[in-house]
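Based on the provided sequences and hints, a complete structural model is requested.
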Amino acid sequence: MLIQNLRKRLSDEILLLLKNSSGENEGSLNDKVMQITLTIPKNRDFGDLCTNAALVLAPVLKKPPLKIAEDIKRHIISAWPEAAGANVAAPGFINFFISRDYIIKNLEGIAIKKDDYGRNEHGANTKLQVEFVSANPTGSLHIGHGRWAALGDSLSNIFASNGFDVCREYYINDFGSQAAKFSLCLASLYLRSFGQNTQYPEDGYPEDLVKSVVDQILQEEKLPEGAGFKGSYLKNKSAGSFKTSSEYARPELIDSMVDIGAIGRRGIEIMINRIAVTLKSMNVQFDEWFYESSLYKNAGFEKTIKQLEKENIIYAKDDAIWFKAAQYGDEKDRVVIRSGGEPTYFASDIMYLINKAGRGFKRLIYILGADHHGYIKRLHAIGKATGFNERNIEVIIGQLVRLVQKGQPVKMSKRKGNVYMLDDLLKEVGSDAVRYFFTANSFNTPMDFDLDLAKQKSNKNPVYYIQYAHARIANIIDKVRQGFAAGELDFDSNELRLPDKWSDNFEDVFTALISENTFKNPNLKSEQEVGLAKMLMLYPDVVYDACICREPYMINQYLYRLAGLFHYFYKHHRVIDAKKLNTGRFKLVLLVRIVLANALKILGVGAPERM
RNA sequence: GCGCCUGUAGCUCAGUUGGAUAGAGCGGUGGUCUACGAAACCAAUGGUCGGAGGUUCGAAUCCUCUCAGGCGCGCCA
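For the first sequence, numbering that gives the first Met the number 0 gives the first residue as 0, with consecutive numbering after it.
These are computed hints drawn from the structure, not numbers from a lab. C-beta atoms are modelled at their ideal positions from N, C-alpha and C, and glycine is treated no differently. Errors might be hidden in some of the hints.
As the list claims (entries may be wrong) - As a list, the in silico EDC-like pairs of lysine to aspartate or glutamate whose alpha-carbon atoms are at most 16 Å apart:
no., residue 1, residue 2
1, Lys112, Glu487
2, Lys180, Glu201
3, Lys316, Asp332
To be verified - What follows is a set of in silico ranges between Cβ atoms, one per label pair, in the way DEER data are often shown:
no., residue 1, residue 2, range
4, Asn474, Cys548, 29 to 39 Å
5, Pro445, Asn311, 19 to 29 Å
6, Cys548, Lys7, 52 to 62 Å
7, Glu206, Asn388, 21 to 31 Å
Quick look at the structure:
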């Protein structure tokens, strides 16, 4: 983390300087020093890095910024080996250039760290949980869930790369009224398949979806040789006894005929498996699938209520039990137990948070859609009331995805059935493009998803631009292998060692090339080569910044820039020129591949050898 | 009515906790392949940062007001 380290050093050195020379108290000095930035200027003429230190310090030191800038500049030139030169620009910026030697020397570290290049230990192994997607198990994932899946997984990868101990968790709402309704729908159609006319629940889930689940259940309990079904979920096992019945069974009758709870549990399992398959097909895998119902096992609910009563954070009013949310920063108090005695969804939220704390997580990340932003205060209130530092409960509110077709926004409505399913999107656009697209913007930006564009112009997707860079490198490696095998490759064997035997597996070949060679001082001449090396050097800072900002799109953006530099380099400089291999460039290209692969992995996007 | 988010090039978006001449991609325009893959490269074009005030050395960024859009304000989940 070059920038991060230099900024820290700059601040430290200035602080030391000020303590001796100025009469200011330490607190206000610290505040001032915190305002010092060290950034990459937009304009190349202003050097590789620039700082506003002199401008920030001018009011404290009561000296003209230009004068201060000169002093700092002299200090940087004499004390920093990373800096090749510096200059001062009005009104008081200090610009400096990173030393070429330093950049080239840095390359060795990339080869040594390889897959770990970009990682840091900022998280200090803190146990952190990211909860995301958590869509109800009563339907398939739609296009909107795709954004949370991509965002949550990439963000988890970023946390992991910053040294956090990350758990990706999916919360399954299998307890409340929605799950009950789903179970009833299942039971209703299940009975039909045994000849009973049943009334399908009013405002039930789409019948074709429920039927597909029932069909799967029947498939599982099919008896051999066409003997029908086991009917394991019937309360009266004499299957077929309904055949003469002409009466429609009402919901309450269904209850007497089918074990609704059992078939519901099985149905939800089936739905969860389907969801998991969808997510896996976009490279998202959860560490934990947490069932809401498990919170209520072993009298968990009763125990929690008792505990909350004892701590005086719930109270009774209007036959219901209320949580004193307002006292902990929420807008109003929230019901925990309805007047009918049923726990609310909020009751689960409380227990779930306590459960998370009990599992040792020090930091909780919730990724929610903008339609849930009212949750933030509620969750913080729970934290505050139960003793979990609310600062460690982070709710990331992602703006919603709007479907656009022919330039017009499409209202997504589950009832109208014009919901676009994630599975369909993945099939049409491909996982890589979907993953890249969904993290390409800040989560804070409402996203317009243009279906026509995604389908037709998927070749123009920036993800292919990046992957193409990777494929080109793989191709260079292959060309080197072929040329070497044919004995036609001309190269300096003091500079580069090539393996005697080449594996068929690209990764093995690559590992061999990296481990058998030294990257201490590759011969790089042109500005583009050094520029590319400089870009590689900045990668760890990007991983760190993406973590601090919780923004995966910074990785997307970096990848795009890196690919751009590479393509330019590739066009203007030949690695293999008429059978003559330029070893310095070849080494550089190998290192570019490491960074491309590492960054793509964070985004869950493939790094293809061919396209 | 109250709260959260957004408004930057024709379109989709960046703009690094206030920094220097506001940047990319796509679309459109004009160029580049007997040379490691042209899914690439180069050039030119494109802007009243929704609007109005204010804060200061300096504002797309912070404050106030205002206009427009999205979302949320249940003993639903």
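Do the hints match the structure? See the list:
1. Lys112 <-> Glu487: Measuring from Cα to Cα gives roughly 32 Å; hence the hint is violated.
2. Lys180 <-> Glu201: holds (10 Å)
3. Lys316 <-> Asp332: Judged against 16 Å, a Cα distance of about 11 Å means the pair holds.
4. Asn474 <-> Cys548: 29 to 39 Å: holds (35 Å)
5. Pro445 <-> Asn311: 19 to 29 Å: violated (42 Å)
6. Cys548 <-> Lys7: 52 to 62 Å: For Lys7 against Cys548, whose Cβ atoms are near 18 Å apart, the range 52 to 62 Å is violated.
7. Glu206 <-> Asn388: 21 to 31 Å: Violated, since Glu206 and Asn388 (Cβ atoms, about 47 Å apart) do not stay within the stated range.
When held up to the earlier numbered hints, the structure conflicts with 1, 5, 6 and 7 and fits the remainder.
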